[in-house]
Amino acid sequence: MTAAHVRHPVNRAAKRQKPPAKGAREARSRTHGSTLHLRIAGITVAVTARDPDVVVRVDDASEKFLVAPSGPDAAITAGWGDPGAGDPGNPVFDSGGVWKLYRDGARHRFVFSSQALGPLPYEEATLADDFASGEATLRRSCFQAAQSLMPLQYPLDELLLQGLLARGRGAEIHACGITDASGRGLLFVGQSGAGKTTIARLWEGMRGITVLSDDRIILRRVGGRFTMYGTPWHGEAALAVPAAAPLAGVFFLEHGAANALLPMRGAAAATRLFASGFPPFHDRDGLDFTLAFLGDLAAEVPCHELHFAPNAKVVDFVQSWEAGV
Amino acid sequence: MSTAPGFEGNPIRRSYAKPEIRRVHLKPEEAVLGACKIAGKFGPTAGDCKPVGNCSGIGS
Numbered sequence: 001m002t003a004a005h006v007r008h009p010v011n012r013a014a015k016r017q018k019p020p021a022k023g024a025r026e027a028r029s030r031t032h033g034s035t036l037h038l039r040i041a042g043i044t045v046a047v048t049a050r051d052p053d054v055v056v057r058v059d060d061a062s063e064k065f066l067v068a069p070s071g072p073d074a075a076i077t078a079g080w081g082d083p084g085a086g087d088p089g090n091p092v093f094d095s096g097g098v099w100k101l102y103r104d105g106a107r108h109r110f111v112f113s114s115q116a117l118g119p120l121p122y123e124e125a126t127l128a129d130d131f132a133s134g135e136a137t138l139r140r141s142c143f144q145a146a147q148s149l150m151p152l153q154y155p156l157d158e159l160l161l162q163g164l165l166a167r168g169r170g171a172e173i174h175a176c177g178i179t180d181a182s183g184r185g186l187l188f189v190g191q192s193g194a195g196k197t198t199i200a201r202l203w204e205g206m207r208g209i210t211v212l213s214d215d216r217i218i219l220r221r222v223g224g225r226f227t228m229y230g231t232p233w234h235g236e237a238a239l240a241v242p243a244a245a246p247l248a249g250v251f252f253l254e255h256g257a258a259n260a261l262l263p264m265r266g267a268a269a270a271t272r273l274f275a276s277g278f279p280p281f282h283d284r285d286g287l288d289f290t291l292a293f294l295g296d297l298a299a300e301v302p303c304h305e306l307h308f309a310p311n312a313k314v315v316d317f318v319q320s321w322e323a324g325v
Numbered sequence: 001m002s003t004a005p006g007f008e009g010n011p012i013r014r015s016y017a018k019p020e021i022r023r024v025h026l027k028p029e030e031a032v033l034g035a036c037k038i039a040g041k042f043g044p045t046a047g048d049c050k051p052v053g054n055c056s057g058i059g060s
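Protein sequence lines correspond, in order, to chains A and Y. Number 144 in the working numbering belongs to position 144 of the first sequence; there are no gaps in the numbering. Number 58 in the working numbering belongs to position 58 of the second sequence; there are no gaps in the numbering.
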């Protein structure tokens, strides 16, 4: 990995040269003091600075997901402090990356560290058992803008949503989500290098087409139907749209010399979804829910393995499948 | 072949398929949301990572 490839809190906090989109500015102007309301996949998170002189912020992609104040599903306060201080509690999970999870009584305690920032954690988040409330504490010396706080920077934002989703709400999948001209949702699932961004770029710009995300999609059951949602967590194409569509088909991406569709059903499809998901491996009940949710989805939504060559013919190929459904 | 209790029609006979184990590839460094994914190396703690630049591929 080269130095230029590391997304880092210091740089993300310093980045924000581009003014936010008009809708985002309006949403933020409707917030009270230093509170933000972020809505992803219909789940609203309120983030409030504990210090009234500090403004909470989100990154550029997340600004499109800011909404007017409303009853949140989770309320998080944030402020400067000494993350990781004291007894962290019982160790539960080590990501092998920037975060570790501890259990402190009935609360989850996520501690974030990066060797690039020194030996001390740069952030911690103590969250209620149901993820509906919590506190984030950041180390001021790790951030350039002292009056601007980004408590939900990656990966805390996704970990929080992961916890909320696993409590009966849905699941996040490593996938590109596309809404076709008739409003139906097509989900192209795959791990890194599978071709999600390639697929997104082939569809992007076509009449009536919306790419909800080229990397992360949230799936929920709404009114009895599986629905896919765009997220702020985009891939190389930087496509992130706060919209949703009923899920019409799932395609597991495979590179191929020609386009081909192989039907997948039952456990095989559910397993592929799980392997491309972001389940809470540290949470038995959450894993049970996620497995059942993905199993139900695989049983109800047509799933295929899509072997594709990286050219525009795959768009016609998938559209011809849609025409036959 | 047995039929379900109360079933009066002809049972639909399915061909037997021997159970088999299929392996599905999991990338744990991606699945746990803990790392930066570029060129097969993962995480800010990996090798020569430095706190500069902006990574669009982190955890992707």
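Source of the hints: derived by calculation from the structure; they are not laboratory data. On a predicted model such as this, the values are computed, not experimentally measured, just so you know. Think of the CB as a built atom: it goes at the ideal place given N, C-alpha and C, for glycine as much as any other residue. Each hint should be verified, as a subset may be incorrect.
[As the list claims (entries may be wrong)] Pairwise CB distance ranges, derived in the manner of DEER restraints: (1) A:265 to Y:13: 49 to 59 Å; (2) Y:11 to A:287: 14 to 24 Å; (3) Y:13 to A:268: 47 to 57 Å.
[What the hints assert, rightly or not] Partner residues are not named here, just some residues of chain A that face chain Y (Cβ under 8 Å, in silico): (4) 70; (5) 77; (6) 80; (7) 91; (8) 95; (9) 201; (10) 264; (11) 275.
Hints and how they fare:
1. Judged by the Cβ atoms, the range 49 to 59 Å given for residue 265 of chain A and residue 13 of chain Y is violated: they are separated by roughly 20 Å.
2. Between residue 11 of chain Y and residue 287 of chain A, the C-beta spacing of about 37 Å breaks the proposed range 14 to 24 Å.
3. Checking the proposed 47 to 57 Å range against residue 13 of chain Y and residue 268 of chain A shows it is violated: the Cβ atoms sit about 23 Å from each other.
4. The restraint placing residue 70 of chain A at the interface with chain Y is violated, with a minimum CB-CB distance near 26 Å, outside the 8 Å limit.
5. With 8 Å as the threshold, the beta carbon of residue 77 of chain A stays out of range of chain Y, its nearest partner Cβ sitting at about 22 Å, so the hint is violated.
6. Look at residue 80 of chain A: its Cβ only gets to about 19 Å from chain Y, farther than 8 Å, so that hint breaks.
7. Residue-level restraint check for residue 91 of chain A is violated (minimum Cβ-Cβ distance to chain Y is 15 Å; threshold 8 Å).
8. Interface hint status for residue 95 of chain A: upheld, as the beta-carbon distance to the closest one in chain Y is roughly 3 Å, under 8 Å.
9. Here the hint on residue 201 of chain A is broken, as its CB sits about 14 Å from the closest CB of chain Y, past 8 Å.
10. Because the beta carbon of residue 264 of chain A sits about 11 Å from the nearest beta carbon in chain Y, more than 8 Å, this interface hint is broken.
11. Annotation: residue 275 of chain A was flagged as interfacial toward chain Y, and the flag holds, the nearest CB pair being 4 Å apart, inside 8 Å.
Going through the hint list in order, the structure does not satisfy hints 1, 2, 3, 4, 5, 6, 7, 9, 10.
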